[in-house]
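As a plain string of letters, each chain reads:
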Amino acid sequence: MATQGAILSIAGLSVSYGTVHAVRQLDMEISEGETVVLLGANGAGKSSTLNAIVGLAPRSGGRLVFAGEDITRKPTEAIIRSGLALVPEGRRLFSNMTVRENLRLGAAALSTVEFDRERQALEDMFPITRRRAHEQAGLLSGGEQQQVAIARALLARPKLLLLDEPSLGLAPIIVNTIFEIIAELKRRKVTILLVEQNAERALSIADRAYVLAQGRLELSGAAGSINATTLEKAYLGEREHA
Amino acid sequence: MNMLAGKWWKQSLVGSALLLAIVLVIVAIVALAGSTTDMRILMVFLINVIAAISLQTYAGNSGNISFGHVGFMAFGAYGSALFTADPAIKAIGIPNAPAFIREAAIGFLPAMLIGTAVAVVVAAAIGRVFVRLSGAAAAVATLGFMVIIYTLLSNAEELTRGSKAFSGIPEYTTLGWCVALLALTIVVARLLRDSNTGLGLRACADDPIAGQAAGVDILNSRYVMWVASAAGAAIAGALYAHYIGAILPKAFHFELTFVLVTMVIVGGRSITGAVAGAALITILAEVLRRLENGFSIGSINLSEAPGLTTAVLALLIVATLTIRPQGLVSRWEVEELLHRWQFRQKEHASVRAEENHV
Amino acid sequence: MQLALQQFINALSLGSIYALVALGVAILFSILRLANFAHGELMTTAGFTLYMTLASGWNWVLAVIAAIAASVVAALILERVAYRRLRNAQPLTLLMTSFAVSVALQSIFLLTFGARPKGIELPAFVDASFRIGGMRVQWLDIAIILITAAIVFGLTLFLRKTVIGLALRSAADDFQTTRLMGVKANALFVGAFVLSGMLAGIAALFYFATVPNVVPSSGFEPMLKGFIACVIGGLGSLPAAIVGGFLLAFLEVGSDALLSDNFSPYLDAIVFLIAIVILRWRPGGIFGVRLTAEQRV
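Chains as they are written, first to last, in this note's numbering: chain P, 24 to 265; chain H, 348 to 705; chain G, 6 to 302.
Chain P on its own, in the form it takes in the complex:
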C-alpha cells in the first residue's frame, strides 16, 4: 500500500496502554519534502502516534514502513539511526549538560569531524547554539531550549523530522520564532510531521493535514481544504462516536 515517494507509511497503527486505546487503526502517509500536520484535541492520540513511530509507545498493531524499510519491530535507537528524528514534547534537553554537549548527542552516530561540520552549518540557522554553546541547557529559556532541541534533532540530517507540540508553553512572540524556523526548514526541503494544538498556525504552514479524534482518523486532506468549520466538525466528531 506504500505509495511511490512515501518516506513514511503507516498502516493500521494501534497504540494501547493496558486497556486504554490511545490510537486505533491509523493510516497515514508522508511523502518526501512534505510538511504534514497532525491535529486533534487533547488526548486525541497525536503524541502517542509520534512516540509509536519511534518505538517509544507500545504498538499493539499495524505496520510502519520508513524509507522502504519495515521498522515495525525495530527498537527506538535503530529507528532513529535509519533517519528519523523526534523533538519530544516538552523539549527534553539534558538539562545538566551544556548546549554543545546536547548537540553532540544529537549526532551520536557521527564522528567528531563530521559533527563539527554539521554543527557549523546549523549554527548559522540557530545562532543561539553558538552564542550559548557552553552554558547549561537547563538555564536557557523555553524558546531557546526549543531551538536547541530542534537543532539537536537536525544534526543527524534526518530524512523525516517529527515535531511534538513545539509551541507548547511558549509566549506568543516566541511561538512566532518557532514557526519561522519551521517555515525555514520547509524551504530547505526538510520533510516534517508536525503535531500542534495551534491549528490555525499549523495549517498555514503545512501542505497536508490529518485530524485525530479519540485515537481515530477523523479527517485528512490538503491543508488549504481544511477550514475552521470542517475542523470544528472533526474535533466535535468525537462526540458522535462516543
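Calculated from the structure, these hints are not laboratory results. Every residue, glycine too, gets a C-beta built ideally from N, C-alpha and C. Don't take each hint at face value.
Here chain P is said to cover these stretches of chain G; the calculated rule only asks that three of the stretch's residues, wherever they fall, bring their Cβ under 8 angstroms from a Cβ of chain P [said to hold, decoys possible]: (1) 168 to 174; (2) 179 to 185.
In silico DSBU-like links for lysine-lysine, alpha-carbon gap of 30 angstroms or less [to be verified]: (3) G:K123 - P:K97; (4) P:K182 - G:K189; (5) P:K97 - P:K212; (6) P:K256 - P:K182; (7) H:K597 - G:K123; (8) P:K209 - P:K97.
With chain P held as given, fit chains H and G onto it using these hints.
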C-alpha cells in the same frame, strides 16, 4: 471492600482469622503426621513468620525495605536471654555483667517484654532517621544499622560473651507460645495495615504526592509502623533464643536478614504475602537441604559443600523475582484473594451462561 | 604534628579506596537506578583472581590485569544473566535481586574456595616505605592516592569528551531521550557495567594490598562502606560519591585517632552512627540530590 466506611476492623479480624486458620491447618498436619525434624522446622517457620510479618508491617506499608530488623530481633533475643538464664551459668559466662542482670532469673513473659522494650526504645530513638529515607538509601542505611548492632554485640563481651555463643538459655518456647504470639502478631499487623495510618501510608507508597495531598503524614505514619515492627521483630527474636537455647551475634547478621527480606519480597506486599513468602522459602530451603544430604553430583559430595543450599536458594529467588516481580500474592490479603477468585468464578459462570444461551 | 600528617595520608589512601568503590556503585545507580549489592562480590572476584594468579607464580603485572579483567567479566555476566531482564522492574525488586545475586556469589565462592582465608602473596614492594623527617610513609599509600587521582581525572575526561561518556551522563538524566538520540540502550548498560566492574577491580587491588587475604565474604565490608559513602554524599551523583568516600575515611581515621584503644573494635559502629546522624539532618546526603523514580528502559 471499602476500608473507609463503617467498621473497617471487622474485615481485618475476619482476614486475620482466615489467615490464622490456614496456618493452624499446617500446624495440625505437621503435629499429627510429621517427624521430630518436621516439628523443629515448623517451629522455626512460625518464628520466622512472626519476624516476617513484623518486617512487612514496616516494609509492606511504607514501600521501604529494612535490612536492620534483625538488629531488633537481636535485642529481643539477648534481652530475654540475659534475664532468664541461670545465674550460676551467668556467673561463669559473663562474670563482669552488672549485678541486676547477672543475678536475674525472671519468667519468660517479663523477660520477653524487657527485650521488646529495649528494641522499642532503640527503634523510637533512631526511627526518625530511617523514615526520612527511601529506596536504596533506606536499604543502605538500615544495612548500616544491622552492622552497628552486630559490631556492638560481638564486642560487648561483658554482656554478650562477644562473638562466642551465649548458651544455657531456658528453652521456654513451645508450640503454644508460637501460635499465640503469631495470632497476636497477625491481628495487630492487620489492624495497623487497615487503619487510616496504614491505608494512607500504602497510598503514599504508590503515589507520594497524591497521598500527601490527601493529608497523609508520611513521616509520622512510617514512624508508627517502624516502632511497631521493631516490637514484633524483638518478640520473634526472644522466641528464637528460647527455642534454640544458644545465640551468637552472627545469628543476627547478613544471612538471617537475607532470609527475612526475601520472605517479604517474594511473598508480596501484604501480611498474607509475608506468610506465603515464609512458607515458600522454608519449603525451598528444606527441599534443598534434603537433596544436599541425599545426592552427590559427580565427584562433588554435596553434603560436604557448604554454601550450595544458599547459592541455589538465592538463584531461585532471582528467578522468582524475574518471573513474578510483584511477589506471590501481589498486594492482596487472603480474604481479598478469595473475593477476587469468587468474582472471577462468577464472571466465568456468567460468560458460560451467556454462551449457552446463544 | 607528624602523627597527624601520617594519619592524614592514611585517611587519603583509605578514602581513595572508598571513593573508587563508591564511584563504581554510583555509576550503576545513576544510570540504571540499580543499587548493586553484588559490587562487593566483583571485588572478591578480583581478590580470588589475584590470589590464584600470584600463587601460581604469575608476574604481578599480569596478575593485576587478570584481576581487573575478572571483575569486568563478572560484571558483564551479571548484567546479561541477572539484570537485563529486570530493566523495567520496580526499584525494590532490583534491590532484592542484587542482594540475592550477592548472596549467591558469596556461596559460590564458599563452594569453590572454602571458608578459610587465602593469603595473597603480594610482591615485596607493597611494603616498601620511605622516611621524611621522622615519619615513615608507605609507597603503597602514595601510589593508591596518585592512581586514584589519575582514575578520577581520566573518568571525568571520558564522561565529558567522548560520545559514549556523554551518553552515559545523559542516560542518568533522561534515559528515553538518550535513546531518541540513537544511542543503543544495550550499549549504555554494557558500558555502565564495564566501568563499574573496572572500578571494582582497581579498588579490590588496593583493598587486598592493604588486607592481604581473601575470604568469600571479603567484599561485603568495602561494598557497604562504598554504599554508605554514596548515601552520605548523595546517592546517584559521581562527585558526591567521591566526597562521601573521603568523608567516610576521614571520619574513620579521625575517630580511631581521637578515641581510646578500648573503642577501636567499635570503630565501624561509631562511623556508621555518625553517618546516620548526618542523614538525620540531610536525608538526601550532603549534596542533597533529589532523584525521581522515573521509568527506566
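When you check the alpha-carbon spacing of K182 (chain P) and K189 (chain G), does it fall within 30 angstroms? Distance of about 20 angstroms is within 30 angstroms: holds.
Do three or more residues from the region 179 to 185 of chain G put their C-beta atoms closer than 8 angstroms to C-beta atoms of chain P? holds (count 6)
For the pair we were handed, K123 (chain G) and K97 (chain P), check the Cα-Cα distance against 30 angstroms. Judged against 30 angstroms, a Cα distance of about 50 angstroms means the pair is violated.
Given hint K212 (chain P) paired with K97 (chain P) - CA-CA distance at most 30 angstroms: 27 angstroms, holds
Assess, step by step, whether the Cα of K256 (chain P) is no farther than 30 angstroms from the Cα of K182 (chain P), and give holds or violated. The hint is violated at about 33 angstroms.
Quick check: the region 168 to 174 of chain G, covered by chain P? Criterion 3+ residues, Cβ under 8 angstroms. Since three or more residues must qualify, the claim that chain P covers the region 168 to 174 of chain G holds, with 4 doing so at under 8 angstroms.
K597 (chain H) paired with K123 (chain G) [C-alpha distance capped at 30 angstroms]: Roughly 21 angstroms between the alpha carbons, so the hint for K597 (chain H) and K123 (chain G) holds.
Does K97 (chain P) lie within 30 angstroms of K209 (chain P) when you go C-alpha to C-alpha? This hinted pair holds, its Cα atoms lying about 28 angstroms apart.
Hints 3, 6, counting from the list given before, are not met by this structure.
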